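Engineer: Sequence:
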Amino acid sequence: MNTEKLTALALADTMLATDGSLPNLFAACGRVFNASPLWVPKICVALAERTGDNFHYFSRHELADILLELLDRAREETFIELPEVRHYCVDPPVRPPMPAWLAALALPSLPTVHALAEWLNEPVGALEWFADQWRLEGGARTRLQHYNYRWLPKRSGGLRLIEIPKARLRRIQQKILRQILDLLPPHPSAHGFRRGHSCVTHAKLHAGQAIVIRMDLKDFFPSIQFSRIHALFEKLGYTASVAGMLARLCVNRTPHGAFGEAGSMSWLERHALKSPHLPQGSPCSPALANLCAYRLDIRLASLARSLGATYSRYADDLAFSGGPEFARAGDRFHIQVAAIALEEGFRVNTRKTRQMRQGVRQQVTGIVVNAHPNVGRDEYDKLKAILTNCVRHGPASQNRESHPNFQAYLAGRISYMKMVNKNRAVKLQRLLDAVSWAS
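Counted the way our numbering counts, the sequence shown spans residues 1 to 439.
Hints may be right or wrong, so weigh each one.
To be verified - Capping the alpha-carbon separation at 20 Å, the derived lysine-lysine pairs in PhoX-like fashion look like this:
1. K166 x K218
2. K384 x K352
3. K166 x K5
4. K204 x K422
5. K418 x K204
6. K418 x K382
7. K384 x K418
8. K422 x K384
9. K382 x K427
10. K422 x K382
11. K352 x K154
12. K218 x K154
As the list claims (entries may be wrong) - Distance ranges between label pairs, derived from CB positions:
13. V360 x N121: 22 to 28 Å
14. R195 x R73: 24 to 30 Å
15. K5 x N405: 34 to 40 Å
16. N54 x L268: 31 to 37 Å
17. I164 x N54: 35 to 41 Å
18. A167 x R392: 41 to 47 Å
19. A167 x R73: 48 to 54 Å
For the record, the hints were derived by calculation from the structure and aren't laboratory data. Note that this is a predicted model, so its numbers are computed, not measured. The beta carbon of each residue, even a glycine, is placed where N, CA and C say it ideally should be.
Modelling step: build the complete structure from the supplied sequences, incorporating the hints.
Structural biologist: In structure tokens, the structure reads:
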């Protein structure tokens, strides 16, 4: 962490320990530097205007980032030098009254780390061990690691790392999910990892439109780092120490030894995985990802609405659709989306951006939406041919990928088609019922 960020954090800590009034913000700067630089009043006034009545709802990192931005702007007008920090604040931040929306959630009251440990039915030392997430030196994997690692191929090429927490940590994460995160509603535009929502509800919103634009967020889970999770738990009213412990229990830092099967991977991808990030495979990660993308969803939904379009998100899959007015803006729309995503800490994978007008097949999460949600004709015909050949020649002749339970595999594919188009699934189910499974 560079000197300027450390200075901004020292200022943020001291400011948050006050009531947030302008005179006390001025005084806080004086305490940090043991002096009062000339730029202090201007920066403090700009900070008060930016944060407004929500000053104490900003985390120390968020406040530090705003201070750095204001200082950079001031430097464009005149020379500013940051004095050396003379005093660090050890007082806790002033806690504002709990807002009505937060009180209504009735989240568990966890004022201290000891209270958190008791709630999780674990000793404090065990929580510190699970939350440490140190990077193991060398390439060996040991039983002391809290995660198992698997590399799975992506459809688009490359590999995806699945980080699966071991039993005891998984139990801790499941309790955090069920009794804290599941009580927090994600943005209405989010359709992934939510009860009552699916890829079908996501695709259905974009059926029968003049144009559908599909975009993809790059490295969705690894791009959400520890600081964002920490800030989220602080916004839920937890103290910095409790929020930090909760965040560290939900993130992981991939050890060197797990990269042995990774093959070629960019420096950015490796760096994201080596830093504390949301592990794909943890029970908490989907809910936390939706909550961390809340502001992204707000901004993209507003952008789409301004053009008479519809927006929804399924995990890292962004979909926009609309009529002729939106179609006219389609060529430049993806640039605005990419800019917003970057400002919110995400990156758009431009190679996966698709503009689909009515003259071509419009697909959202693999579902055709030209007229109504439907399964692609080629996918339906292929499954129908497999089932027909199972009836005629036996299922063993068609299990070319050696599925251990071929019957369950076929039943699952039919269930998916039933979810999208019930009428098509009826014929396939009849074929499956006619298959002789006797060896």
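Engineer: When you check the alpha-carbon spacing of K218 and K154, does it fall within 20 Å?
Structural biologist: At roughly 12 Å apart (the allowed maximum being 20 Å), K154 and K218 satisfy the hint.
Engineer: Can you confirm whether the C-alpha distance between K422 and K384 stays at or below 20 Å?
Structural biologist: Cα-Cα ~15 Å, so holds.
Engineer: Would you mind confirming whether the straight-line C-alpha gap from K382 to K427 stays at or under 20 Å?
Structural biologist: Satisfied, since the Cα-Cα distance of roughly 13 Å is no more than 20 Å.
Engineer: Given the hint that K204 pairs with K422, does the C-alpha gap stay at or below 20 Å?
Structural biologist: holds (15 Å)
Engineer: Does K352 lie within 20 Å of K384 when you go C-alpha to C-alpha?
Structural biologist: Distance of about 29 Å is beyond 20 Å: violated.
Engineer: Is the gap between the beta carbons of I164 and N54 within 35 to 41 Å?
Structural biologist: Holds: the Cβ-Cβ distance is about 38 Å, inside 35 to 41 Å.
Engineer: Given a hint of 41 to 47 Å, does the C-beta separation of A167 and R392 actually sit inside it?
Structural biologist: holds (46 Å)
Engineer: Check whether the Cα positions of K352 and K154 lie no farther apart than 20 Å.
Structural biologist: holds (13 Å)
Engineer: Does the alpha-carbon distance linking K418 and K204 stay inside the 20 Å limit?
Structural biologist: holds (15 Å)
Engineer: Taking 34 to 40 Å as the hint, is the beta-carbon distance of K5 and N405 inside that range?
Structural biologist: For N405 against K5, whose Cβ atoms are near 53 Å apart, the range 34 to 40 Å is violated.
Engineer: Quick check on a hinted range of 31 to 37 Å for N54 and L268, using CB atoms only.
Structural biologist: 33 Å Cβ-Cβ, so the 31 to 37 Å window holds.
Engineer: For K166 and K5, compute the direct alpha-carbon distance and say whether it is at most 20 Å.
Structural biologist: violated (35 Å)
Against the hints set out earlier in the document, violations occur for numbers 1, 2, 3, 13, 14, 15.
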